[in-house]
Amino acid sequence: MLIRKPADLRPADVTPKSVYLDRRKFLAAVPAAFLTARELLSPRGRALAGTKLNNVTKSPFSTTEQMTSPDVVTHYNNFYEFGTSKNEPSRNAQNFKTSPWTVSVEGDVAKPRKFSMDEILKLAPLEERIYRHRCVEGWSIVVPWIGYSLSALLNAVQPTAKAKYVAFESYWDLKQMPMARPDMAGIGFPYVEGLRLDEAMHPLALLSVGMYGETLPPQDGAPVRLVVPWKYGFKGIKSLVKIKLVSGQPSTTWNLANANEYGFYSNVNPDVDHPRWSQAKEQRLPSLFKNHPTQMFNGYASQVAGLYSGMNLKKNY
Amino acid sequence: MLKSRPGKGTGKWTKVLVFLLCLAPFARLAWRFWMQDLTPNPLEYITHFTGNWTIRLLVATLAVTPLRKLLGVPDLIRFRRMVGLFAFFYGCLHFLTYLWFDKLFDFHEIWKDVAKRPFITAGFTALMLMVPLALTSTKGWIRRLGGKRWQRLHRLIYVSAVAAVVHYYWLVKSDIRLPVLYGSLVAVLLLYRLVTSLMRRARQRTAAMGAAPART
Numbered sequence: 029m030l031i032r033k034p035a036d037l038r039p040a041d042v043t044p045k046s047v048y049l050d051r052r053k054f055l056a057a058v059p060a061a062f063l064t065a066r067e068l069l070s071p072r073g074r075a076l077a078g079t080k081l082n083n084v085t086k087s088p089f090s091t092t093e094q095m096t097s098p099d100v101v102t103h104y105n106n107f108y109e110f111g112t113s114k115n116e117p118s119r120n121a122q123n124f125k126t127s128p129w130t131v132s133v134e135g136d137v138a139k140p141r142k143f144s145m146d147e148i149l150k151l152a153p154l155e156e157r158i159y160r161h162r163c164v165e166g167w168s169i170v171v172p173w174i175g176y177s178l179s180a181l182l183n184a185v186q187p188t189a190k191a192k193y194v195a196f197e198s199y200w201d202l203k204q205m206p207m208a209r210p211d212m213a214g215i216g217f218p219y220v221e222g223l224r225l226d227e228a229m230h231p232l233a234l235l236s237v238g239m240y241g242e243t244l245p246p247q248d249g250a251p252v253r254l255v256v257p258w259k260y261g262f263k264g265i266k267s268l269v270k271i272k273l274v275s276g277q278p279s280t281t282w283n284l285a286n287a288n289e290y291g292f293y294s295n296v297n298p299d300v301d302h303p304r305w306s307q308a309k310e311q312r313l314p315s316l317f318k319n320h321p322t323q324m325f326n327g328y329a330s331q332v333a334g335l336y337s338g339m340n341l342k343k344n345y
Numbered sequence: 112m113l114k115s116r117p118g119k120g121t122g123k124w125t126k127v128l129v130f131l132l133c134l135a136p137f138a139r140l141a142w143r144f145w146m147q148d149l150t151p152n153p154l155e156y157i158t159h160f161t162g163n164w165t166i167r168l169l170v171a172t173l174a175v176t177p178l179r180k181l182l183g184v185p186d187l188i189r190f191r192r193m194v195g196l197f198a199f200f201y202g203c204l205h206f207l208t209y210l211w212f213d214k215l216f217d218f219h220e221i222w223k224d225v226a227k228r229p230f231i232t233a234g235f236t237a238l239m240l241m242v243p244l245a246l247t248s249t250k251g252w253i254r255r256l257g258g259k260r261w262q263r264l265h266r267l268i269y270v271s272a273v274a275a276v277v278h279y280y281w282l283v284k285s286d287i288r289l290p291v292l293y294g295s296l297v298a299v300l301l302l303y304r305l306v307t308s309l310m311r312r313a314r315q316r317t318a319a320m321g322a323a324p325a326r327t
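For the record, the sequence lines run as chains R and L.
When we follow the working numbering, the leftmost residue of the first sequence carries the number 29, and every step to the right adds one.
When we follow the working numbering, the leftmost residue of the second sequence carries the number 112, and every step to the right adds one.
The hints are simulated quantities; they were obtained by calculation from the structure and are not laboratory data.
Be a bit skeptical, because a hint or two may be false.
[Unchecked claim] To list a few chain R residues with every Cβ distance to chain L over 12 Å, as calculated:
1. D136
2. L154
3. W167
4. W200
5. V269
6. Q331
[Claimed, not checked] Now the in silico label distances, taken between C-beta atoms and shown as ranges:
7. R:L284 / L:W222: 29 to 37 Å
8. L:I188 / R:E93: 54 to 62 Å
9. R:A189 / L:I287: 20 to 28 Å
10. L:F216 / R:S330: 41 to 49 Å
11. R:E93 / L:I287: 30 to 38 Å
[Stated by the list, open to error] List time: in silico DSS-like cross-link candidates among lysine-lysine, alpha-carbon distance up to 30 Å:
12. L:K227 / R:K343
13. R:K343 / L:K223
14. R:K309 / L:K227
15. R:K342 / L:K227
16. L:K227 / L:K214
17. L:K284 / R:K272
18. R:K139 / R:K192
19. R:K309 / L:K214
Please read all numbers here as calculations on a predicted model, not as lab measurements.
Backbone N, C-alpha and C fix where the C-beta goes; we use that ideal spot for every residue, glycine too.
Required output: the full structure, derived from the provided sequences and hints.
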């Protein structure tokens, strides 16, 4: 058989690699451009309806990435106490009573005590910290939180030498949260979380009382919550009422619900997949596409990687 | 055998009505897309929306046969193919959403997903099993395959519906109420078939033992 050379194809005809790779960008660009055009035609903005927080300083820990609109951050929430759908908390938490509020800090500490919200707001200077927030589900947002390092609160009670871990607990009240039932949500209540003491003392670990210049909206964890930017979002426990310093590793809600999928550490890691999906990429909301590469420790590796030196991060997921 | 009688018919325009009803979710999705009202997470919204409607229409398709007998409206058979094809249509949209928006047609990643992740494998199986059913849904194919063989082939929808429910159940994080609801519906509809088939066989056996002429 005669095999003829394809005379009509020269090396110059080969599609350049950049163009070839751009196919994918193009595929993403068409609907994205459409959505952006629609956004420009009908901009929507809803106020947070919180109280403005004053004397907030800027933090060097802030990212310069574009912030997510408050509309997204306040209407897309995982807060199972107010319903398991993302759009439920913004509706169901509207009348959540956050005053009076106290946070009990206890356990292996020299000076256990209860803090009123007023005391928490005045314990340390408030900073605005613009953090990336990566959910274990594969989406991410950029949020200007307001608060200060959790270490300020922990130092105030003086952890003893016995304290190795910090256990956190959320508010739980069926009268205000009729859906916060294990048979409805599939997780136990009250919501509990935990950190190793050195993680909790890391300056990036934030005790947050506000966002976008105001106090926290109820659906985002009012009046006070935890933000641990290098870990998956569910580690950032909302509506804190109890912090206990303990010697053993505390139980955590999602680990109790499904130990296979949610470990104690839950550090953001593009190389360790969730058993049911890859964690290599994320959607920067409100993008339609999952095309944003996920970074090791959510981009905070230079600050926090040292906490885990020598640890097998695949095992300790 | 049940025959459609003009008195118990479902009317001339009902088919158009059912068509429009099945298309309504798509119209709603398109409208919300145009209005930029796809929630802060459009990918998740479109994925869940199309997936939900696939399962709902699969359940509806499976419900046609029992409802014909229970309600005494054999004419319902007129809608079965259309509803089944709409289930396939929403299944395709669901899959396209995943291929395009979630994976940006990165076939290497997609193949890894299908092979590695049981819930994706289940969903993929459910959709693939619907392909031969959609292809052979025409009158011509019923003729070519012969009624018996065609019917046997189309029992694949049982497997497809079960795989779809398993896909949904394995996918949710913790709130299993909806997948359990759909699972129960599919279970009831399949159980109905099992029971009627066992009863038919038992009847045939007694009829054969009594040497009576077999009834149909």
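Of the hints given before, which are not true for this structure? Hint check: 3, 9 and 10 fail, others pass.
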